[in-house]
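Position chain B against the provided structure of chain A, taking the given hints into account.
Here's the letter readout for the chains.
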Amino acid sequence: MTTKKLMFYFPKSETEKPIVYHLVKDYDLIINIFRAKVTPEEFGYLVLDVTGEDADIQRGIEFVRSFNVEVNETERGLTWNESRCTSCGNCLAHCPTNALHIIDPVTRKVGFDPEACIDCLACIDNCPFHACSSVFADTTEARI
Amino acid sequence: MKTYDQINRKIENGTAVVLTADEVIDYVDRKGLDAAANEVDVVTTATFGPMCSSGCFVNFGHSKPKMRITEAWLDDVLVYSGIAAVDAYLGASQLRHNDPANMYYPGEFRFGGGHVIEKLINRETVQLFALSYGTDDYPRRELRTHLTIDDLNQAIMVNPRNCYQNYNVATNRSDKPVYTYMGLLKPRMKNVTYSSAGQLSPLLNDPFYETIGIGTRVWLAGAQGHVYAEGTQHAPSCDRGANGVPREGAGTLALTGDMKKMKPGFVRGVSFKGYGVSLAVGVGIPIPILNPEILRRTTVRDEEIFAQVIDYSHDYPQKTGEVITSVSYAQLRSGTVELEGKQVEVGSLSSYAKALEIAELLAGEIRAGDFLVSEPIAPLPREQAMTSLEIRR
Chain A
154 MTTKKLMFYF
164 PKSETEKPIV
174 YHLVKDYDLI
184 INIFRAKVTP
194 EEFGYLVLDV
204 TGEDADIQRG
214 IEFVRSFNVE
224 VNETERGLTW
234 NESRCTSCGN
244 CLAHCPTNAL
254 HIIDPVTRKV
264 GFDPEACIDC
274 LACIDNCPFH
284 ACSSVFADTT
294 EARI
Chain B
4 MKTYDQINRK
14 IENGTAVVLT
24 ADEVIDYVDR
34 KGLDAAANEV
44 DVVTTATFGP
54 MCSSGCFVNF
64 GHSKPKMRIT
74 EAWLDDVLVY
84 SGIAAVDAYL
94 GASQLRHNDP
104 ANMYYPGEFR
114 FGGGHVIEKL
124 INRETVQLFA
134 LSYGTDDYPR
144 RELRTHLTID
154 DLNQAIMVNP
164 RNCYQNYNVA
174 TNRSDKPVYT
184 YMGLLKPRMK
194 NVTYSSAGQL
204 SPLLNDPFYE
214 TIGIGTRVWL
224 AGAQGHVYAE
234 GTQHAPSCDR
244 GANGVPREGA
254 GTLALTGDMK
264 KMKPGFVRGV
274 SFKGYGVSLA
284 VGVGIPIPIL
294 NPEILRRTTV
304 RDEEIFAQVI
314 DYSHDYPQKT
324 GEVITSVSYA
334 QLRSGTVELE
344 GKQVEVGSLS
354 SYAKALEIAE
364 LLAGEIRAGD
374 FLVSEPIAPL
384 PREQAMTSLE
394 IRR
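Chains as they are written, first to last, in my numbering: chain A, 154 to 297; chain B, 4 to 396.
Errors might be hidden in some of the hints.
To be verified - Simulated coverage check for chain B against chain A, where a stretch passes if three residues somewhere in it have a Cβ under 8 Å from a Cβ of chain A: (1) 218-225; (2) 274-288; (3) 336-350; (4) 373-382.
Stated by the list, open to error - Label pairs and their computed distance ranges (CB to CB): (5) B:Gly85 - A:Ser236: 35 to 45 Å; (6) B:Gln130 - A:Met154: 52 to 62 Å; (7) B:Asp178 - A:Phe196: 31 to 41 Å; (8) B:Thr339 - A:Val177: 30 to 40 Å; (9) B:Glu325 - A:Val177: 47 to 57 Å.
If you are wondering where the hints come from, they were derived from the structure by calculation, not from laboratory data. Note that the Cβ used here is the ideal one computed from N, Cα and C, for glycine as well.
If we strip away everything but chain A, and leave its shape as in the complex, we get (with noise of 0.2 Å):
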């Protein structure tokens, strides 16, 4: 069993297929959305993690790219500026998984693992500094 962490980008045309179904009936993975945006009308994306058998994880990542909804397996949601953080370390009481964290005790220098984040964007409202970024383009969530 293998979890791969997805974001799926739905043109405005695709937005009413039931692609999550499929993805647990068909396919037999178990999905975890992060964050959704899914409006009708409009570009949409999806955040979410796949867990199953690899061979079932590229099929169904085929089937997705077969709605024309483009499927990103590498992409990060959230960025992390270390040259923007200060380490002050007031994201720590918001980040739920510790993906920030103090990675020295003596120094006291906050740390990023991407591999932690599950893009809550928590830290993006709480930075003081502005080191947080997001990759969707929504409104008030790009914006450095």
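Coordinates of chain B only, in the frame set by chain A:
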């Protein structure tokens, strides 16, 4: 016993022994207080965090024809112009013109005075727009131009309150989120925020202001600045531990320095969602080790420094004076504190990493003979409390 002059001569010779307030703790443990006091000449302290009472005086130079500016904006942030013709004061917490503030609650406060100050120090271009009523000797009534800090005659940082000796730990006991200058406080005491460099912080290492006073040379964001007065709200008469270290706010410093000599990265604009804008400032202060007692006070540890946990949903805004409990900085730095039987996550607004970097930079400058210690020209008040504002009808 050493004098300021003796220490400065060693600094000039390149023989001064300089340790950071972090390093000195183990050093004194190893060597013993008296032996260490003979050897160590200077202990460097530092802090980096939001300090809202910060800003700068600028002089734009005169345009042709001249203008007696009455209203002005730098990057759409209002500067105070009720002083001489082309002088102005840019305050850290001033919002940008047309910022909706909290009309769409909670507001974002993306940009303000603190960000303009950061841009100036980064030598980025900012826009000046100014208005006037026009006079015989200053006929111009409007101008718009672009400038960098190098185009200004002076850019002098003048911060009425920096380096709070100690600070509240903020939490939220209510069932709604609270947006504060201590960040977002989640409902039902899900998090606390503190803001102090603890064992590295200047006034926690000199709790009775024995060496830090008016005239003390300080490292202000990379420039050599000075303490020009007691800071606003300086209130040294407070609850103190057996070690003399305040268990609440206490002393503050008013600092000034030449912004043209400041380094990027040590002055940063700050945005607090739902609250406003501010400026994070990096300050380093050397403590000359004149005698063993002064050295002993610099060995204070995070586990010996306590701060009060205050409810920012009610007790802080309503000024009830109620304190939930006191916790040590060692507990805070562990990542969780226990409050009323509950484990609560801890966040911080003061960067220990930056403070350590500053303490090391300052130590390096002193060892290189580039930064001398200075005897205060006047002491800071040691007995004084803060008064409240009475609302009279």
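We went through each hint and held it up to the structure:
{"no.": "1", "hint": "218-225", "verdict": "violated (count 0)"}
{"no.": "2", "hint": "274-288", "verdict": "holds (count 5)"}
{"no.": "3", "hint": "336-350", "verdict": "holds (count 5)"}
{"no.": "4", "hint": "373-382", "verdict": "violated (count 0)"}
{"no.": "5", "hint": "B:Gly85 - A:Ser236: 35 to 45 Å", "verdict": "holds, 38 Å"}
{"no.": "6", "hint": "B:Gln130 - A:Met154: 52 to 62 Å", "verdict": "holds, 57 Å"}
{"no.": "7", "hint": "B:Asp178 - A:Phe196: 31 to 41 Å", "verdict": "holds, 37 Å"}
{"no.": "8", "hint": "B:Thr339 - A:Val177: 30 to 40 Å", "verdict": "holds, 38 Å"}
{"no.": "9", "hint": "B:Glu325 - A:Val177: 47 to 57 Å", "verdict": "holds, 52 Å"}
Consistency note: the structure conflicts with the earlier hints numbered 1, 4.
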